[in-house]
Structures are given as C-alpha cells and as structure tokens.
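Asker: Work the whole structure out from these sequences, hints included.
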Amino acid sequence: MCTLRFAAPKILSKQHSFIIFLKNMTVFALLFTLSAIGISETVYLIRKRIALEKPICLIGEDCLTVLTSKYNKIFFVHNDILGLLCYIIISLVAAFLVIEVRPMWLWIISIKVLVGIASIVSLFFTYLQWKIIKAWCFWCLMSATTLWVIGVIILLSAII
Amino acid sequence: MKKASFNILRVGLAITFLWIGILIFKAPEAWGGYLEPWAVNLLPIPLAQAILGTAILDIAIGILLLTDFFVWGAAIVGSLHLVVVLVVSGITEVTVRDIGILAGMLAIMIDALPGNLFTRRIDKI
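Same order as they appear, the protein sequences are chains A and B.
Going by the working numbering, the letters in the first sequence line up with residues 67 to 226, in that order.
Going by the working numbering, the letters in the second sequence line up with residues 454 to 578, in that order.
Honestly, the hints are just simulated from the structure, not real lab data.
Small disclaimer: the values here were computed from a predicted structure and weren't measured.
Be aware that a few hints might be false.
What the hints assert, rightly or not - Below, a list of computed lysine-lysine pairs in the DSS-like style, where the Cα atoms sit at most 27 Å apart:
1. A:K89 / A:K178
2. A:K136 / A:K120
3. A:K178 / A:K139
4. A:K114 / A:K136
5. A:K89 / A:K114
6. B:K479 / A:K178
7. A:K120 / B:K456
8. A:K89 / A:K139
9. A:K197 / A:K114
10. A:K120 / A:K197
11. B:K456 / A:K114
12. A:K89 / B:K456
Answerer: In structure tokens form, the structure reads like this:
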C-alpha cells in the first residue's frame, strides 16, 4: 500500500511534467512559426522598398498609399525595419526558451514586454489606416494580425 | 510554379529547417541516435560535433529560404542534405516525412535555379 501511495504521485508528477513540456513546446513552436512568417513579410516589404518596386497588394490597391505615407517611420526608422527587428527578437527568444538558455525569466519577461508594446503600436497603426490615411495595406494588417495572434497565444499560455 | 505557391512552400520549408535546427541544439545526443551505426563509424569527427554542425547547416538553410536570399543555393544544399539524411538514418517510421520535405525542396530548387531566372527575365523583356 505504502509503495502504491508513494508510487502514484511519482507517476502523476512525471505525466504532469510531460504535459507541461508538451504545452510549452507547442507555445514555443507557434511563437517561432508566427515570428518566422513575420520575418518573411517584413523582409519582402524592405526589399520592395529598397528596389523602389510596388509590393503585390493581395486585397485592395492601397498598399503603396499606406507604405509611402508620412507615418511610415518611427524616429527616422522605417516601420518595416522595426517590425523585422521585433520578429527576429521574438524568434530568437522562442529558440532560447526551447534550448533552455539561462536566465529563462529574462527571456519570458522580454518577450511579454516586447509583444505587448508591439501589439499596442500595431493597434495604433491600424487606427491610422482606418481613420487618418483612410486606406488599407494588406501587408501591414497581416503583420498586425500576426503580432496580435502572438499576443493571444502568450496570454492563453499564461491562463491555461 | 506560381509565385504565391512558391513563396508558401519556401517559407514553410524555411520554418521546418529552422525549427529542426533549434530542436537539434536542444538535444544533440538524441538526434545522434537516428544515425545508422555504419554511418557513425564513417564520421571523421565526434558524433556530437557532426550533429551540431548539422544543426548549424539546417539553420543557415532556413535563414536563406526565409529571407529569400540565394534560395537556389540553399535549396541545392538542402536537397543534398536531405538525401544524406535519408541514406544515413535508414528506413524508419518518419522516412516518409523526409521524402515529402525532399520533394518540396527539389521543387524550390528547380524553380529558383539561375537558368530559370534568366528565362523569366527574357520573358519580361
């Protein structure tokens, strides 16, 4: 009886830690996948801007209106470059969390803060497109949605 | 290949290669277990080093595919790498997945070869 009593919590504990491991790996995989998609989007926009080419606008025709507006920079840095940096940091942090590079708390806090700020900035840019520029940019909306989904995943992983 | 389908395949394979590279860094000794004993005996360097080298190669291929730089080169190296993986890991339950990834990589390689790019430029003119 004693053996069973002591053995059972051990098994449950192993199962529990395995479930936590699976949950974390799923979250990290999703974060990494979404940030990689973000990197490919922003690299595409940067290359088109440098080559002075019009990006393909999958929905609507207003991409260029938004991308060439006076709101396309923050402190003299193009938004696409800031977006790329943001996605690179998120993907690196997700990779560090998977490989378990210490200090883990620093990566967890930094990803939460970064995604929080980036989500709010994206919300502001979406408002600009809607009310001020009065034109929609497919790539900008896709990037904003990617960040919001990353934010939702981080929020859900903290709740569940 | 249509541009959108090419890019979806390119980004998808990039994520796969990057993620595998990261997972190898997490547990290199576990990934070394996939190698057939005869392949391990052929290695001129320790198994752990070879596996970490593979992780770096996977990540490099992934970065090139993701950023759309030197895609044809990355696709050639990626295809050769996958052929080597298929040979040295033998037939297992995951072989079919590697065949699928190899097929996707070959499709990218054929579409992105400089010869093809040259033809496209002529078409534009």
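Asker: Each hint should be assessed against the structure and marked as holding or not.
Answerer: Here is how each hint holds up against the structure:
Among the hinted pairs, K89 (chain A) with K178 (chain A) is consistent with the structure: their alpha-carbon atoms are about 17 Å apart, no more than 27 Å. For a cut-off of 27 Å, the pair hint linking K136 (chain A) to K120 (chain A) stands: about 17 Å separates their Cα positions. Of the supplied pair hints, the one linking K178 (chain A) and K139 (chain A) holds, its CA atoms being roughly 24 Å apart against a limit of 27 Å. Of the pairs offered as hints, the one joining K114 (chain A) and K136 (chain A) holds, with about 18 Å between alpha carbons and a cut-off of 27 Å not exceeded.
Note on K89 (chain A) and K114 (chain A): the hinted pairing is violated, with a Cα-Cα distance of about 38 Å set against a maximum of 27 Å. Among the hinted pairs, K479 (chain B) with K178 (chain A) is consistent with the structure: their alpha-carbon atoms are about 22 Å apart, no more than 27 Å. With a C-alpha separation of about 15 Å, the suggested pair K120 (chain A) and K456 (chain B) falls inside the 27 Å cut-off, and the hint holds. With a C-alpha separation of about 37 Å, the suggested pair K89 (chain A) and K139 (chain A) falls outside the 27 Å cut-off, and the hint is violated.
Taken as a hint, the K197 (chain A) and K114 (chain A) pair is honoured in the structure, with Cα atoms around 26 Å apart against an allowance of 27 Å. At roughly 23 Å between alpha-carbon atoms, K120 (chain A) and K197 (chain A) fall within 27 Å of each other, so this suggested pair holds. About 15 Å separates the Cα atoms of K456 (chain B) and K114 (chain A), which keeps this hinted pair within 27 Å; it holds. Pair hint K89 (chain A) plus K456 (chain B) does not hold up; C-alpha atoms about 35 Å apart against a cutoff of 27 Å.
Violated hints, listed in ascending order, are 5, 8 and 12; each of the other numbered hints is respected by the structure.
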